[in-house]
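Number of protein chains: 2
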Amino acid sequence: MSKQERTAITPTRDQDYPEWYQQVVRAAELAESSPVRGCMVIKPWGYAIWENIQRELDDMFKATGHKNAYFPLFIPISYLEKEAAHVDGFAKECAVVTHHRLEMGEGGKLVPAGELDEPLIVRPTSETIIGETFAKWIQSYRDLPLLINQWANVVRWEMRTRLFLRTTEFLWQEGHTAHATEEEAVEETLKMLDVYADFAENWMAVPVIKGEKTEGERFPGAVNTYCIEAMMQDKKALQAGTSHFLGQNFSKASNIDFLDESGERTLAWTTSWGVSTRLIGGLVMTHADDDGMVIPPKIAPSHLVILPILRKDADEEAILNYCRDIKQEIESKTYHGRRIWVEIDNRDIRGGEKMWSWIKKGIPTWIEVGPRDMESGSVFFGRRDLGPKGRKGISRQEFIDGFIDTLDAIQDSILERARDFRESNTVTIDSKEEFYDFFTPKNPDQPEIHGGFVMAHYSGEPELEEKIQSELKVTVRCIPQTDSPEPGTCIFTGKPSKQRVVFAKSY
Amino acid sequence: MSKQERTAITPTRDQDYPEWYQQVVRAAELAESSPVRGCMVIKPWGYAIWENIQRELDDMFKATGHKNAYFPLFIPISYLEKEAAHVDGFAKECAVVTHHRLEMGEGGKLVPAGELDEPLIVRPTSETIIGETFAKWIQSYRDLPLLINQWANVVRWEMRTRLFLRTTEFLWQEGHTAHATEEEAVEETLKMLDVYADFAENWMAVPVIKGEKTEGERFPGAVNTYCIEAMMQDKKALQAGTSHFLGQNFSKASNIDFLDESGERTLAWTTSWGVSTRLIGGLVMTHADDDGMVIPPKIAPSHLVILPILRKDADEEAILNYCRDIKQEIESKTYHGRRIWVEIDNRDIRGGEKMWSWIKKGIPTWIEVGPRDMESGSVFFGRRDLGPKGRKGISRQEFIDGFIDTLDAIQDSILERARDFRESNTVTIDSKEEFYDFFTPKNPDQPEIHGGFVMAHYSGEPELEEKIQSELKVTVRCIPQTDSPEPGTCIFTGKPSKQRVVFAKSY
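Listed in order, the protein sequences are those of chains A and B.
So in our numbering, the last one in the first sequence is 507, and the numbering has no gaps at all.
So in our numbering, the last one in the second sequence is 1014, and the numbering has no gaps at all.
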């Protein structure tokens, strides 16, 4: 540590990225491992970010005509069997409920009793159970489109888990819609992809690439899967949201049919789309730095913390009143239609420790207020994106008047920083050799940050993709949406390629 | 049906109350049974009521200093074993996860595989799992009080289920708090009871009696359980929310201790409190009538539906514009700090059917708008609490100007109606004979609505309560909170009684 500055998080990103991630999640009090294998506890600060994500997305879903509903946690095994691709994808890793009672057994230990006739699984996703219900709700073309969303917990039994990124239980939303025509269903699939991209960029300040998945990366049972892909600071990709065009696959499996306008019985076309608490992991890996979390103001649980500096008893009440007035003035404003939340941190701990605890939590702004600040009608003001070195004294009134602009400036600056990072780590590659070299660590004995997004021509064979994955741990992240695809030649096979695709290592 | 009016719901409350309930839930599109035994599907209109309940309660919880967090769905069996009373209460009826995979077995059927070393149960309530976490979070008196709430789904395996009232899976919130002293924990328990009573009366228009449960009705593991009890229209009681003072029972079980100000290690005092989607069942049984649901305006998903009467093509666009203007003017207002939602129902179905569909759903107000209304600048206006016979033509402007007052008047009138109903069905009884007579159906061969709330003196022996329950299906609903308890003599034993308690049949 001799040559470099001390950081609030140890190790730094460069030293050990995966461990840095865990330490940021811990230091920012976002989540922790629970005593239940693979399940996490989402702590209040982390959960408040999720509540803000929910609120914004929910408004967007409602603005696009969707309504929320709630479907059962349990799915009978026989439902899974109805859709062949789906069962292959989800039967592997699920929690199976086989009994409905516990009894006291030998040695005072509880044992399962009351075996079920048909085991149930805890939903890993709800296409099959919602499909059964849609089949009842949909009778005629007048019942379409049916646009439903569910906020829920889901369970996928994972062997290796990481907080937010991959946990056995996680929270998400799953949209499920049914339409009279293929065109409408495709339009819905792409509309929700746009909603996700809009939310990621304009609320989470996470730039994303919209595109289509290759066959091998499709949702089990989908005709097409679309996704938004973001670049993390270790240059890997994170799939931040997916939108699936399911064709008539699930309509066939669950018999979702309707009488069309000409009186013919027809199968509906369905879609599903979801984002999860994984987004919070994406936030950390996009914005956090070696001093801890950085939260975009538009989804921050608190926007400002006021740190009163209480040196002498005599000042105390006057300073606190000065702080309370500032809190009140700031909270009387709104920020993009939402309430602004201000904390006054009056804990009896050292000033430095207190400031750093908020820096680690990623609060967008803070002010320190001591007796001299009060006397001169000013505040000592820090921005999380600029760090403690960027602190400066400014007049109280200037601070208050400029507060909304400050939040917008922070939001813009961290989006810009993330976009710059992605752009400077995205390369165009036209040969297989260069491709393999780019994705090969230079020091195989030690983990290091390398790689990035590679834009390359590729002819689309699933076997080829498997080979690249097994050799380099690199996959096609998506075939980007573009109005002007430029054809070329696959760098692996020399066959024709319609457009460049995005290759990367990924979470 | 000869002598009586036709009603939108068949049967009526008087004819068959339990069936009337199911038919209202169905006709109002609140929920339906799912293909999974004991689990319900909460439909969009019912879920929107739940979202409004959540929003209001969540604001109340936050205003009283609580923060939301999220804990695992699964609880290891061994956790339950730690609190003896708790395991007796909850091990009986729970979903047990024993495997984490499905494999293709004989005949192409999926079978459970990957047996777990320790089975998990799906949380029926979270005291034990949250207690384990609290033990880690709480080290010193500075960490207290810890005030946490969780919005979640829970599972209790029920043999007989009824939509909203008793389902295997339901949605709820569970507050869990830890305190340094007994006094503080008791104060918290009672504070949250007040929050529930305030919410029930002032938002749901459901009058409640606040009180303490007797020993036999306590939450398994609690020192005291407090509740709010409401009277349904069949004169039975519904427990609408509970708040538990847990003493140090769960602190002992999970080892939640802290260093107090004098440096001594001390066990914390904890509480828990919850309400669930059961509240929606309570809303139905408090307010709905023989024409369907009645939703209190303060938690209604929509406040007004506009029914355009489109007789001739020529009028259509003009009438729709007239409707849209009204919608816009009404939606520009706010109602108790919340958005107002207005629907325009432009479906191509008969006007009468359309109006009745909204009456059954319980929308607080509706207006019909035809060519003549438009010409005269008026609307034909109906209030759900007054029914279709109360409809009247009034000027458009008068309708708009008075809209908020109208909503308040409806909210007040249904609360008043419910309060009157409870009062006229609450009696004071001073003899055992009269008590038994009051709770005995007059026609044992046919279900009938009888009984009510009985205020009687009672000396408190658990065996006596069991006897009354087995003979009459009547229990002590609560020992009401009162500042001036009037002592008396138990009507069953002649022993002294501190105050009258509330007896009733219940859900």
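Careful: at least some of the hints might be erroneous.
[Unchecked claim] Chain A stretches covered by chain B per the calculated footprint, using a threshold of three residues with CB under 8 Å from any CB of chain B:
hint	segment
1	67–76
2	80–88
3	112–120
4	412–421
Hints listed in this document are in silico derivations from the structure and should not be mistaken for laboratory results.
Keep in mind it's a predicted model, so treat the numbers as computed, not measured.
Where is the CB? At the ideal position from N, CA and C, for every residue including glycine.
A quick look at each hint next to the structure:
1. 67–76: It holds, with 10 qualifying residues against the three required.
2. 80–88: holds (count 3)
3. 112–120: Satisfied; 4 residues make the cut.
4. 412–421: Coverage by chain B is violated for the segment 412–421 of chain A (0 residues, Cβ < 8 Å).
Figure legend: structure checked against the earlier numbered hints; the only hint not met is number 4.
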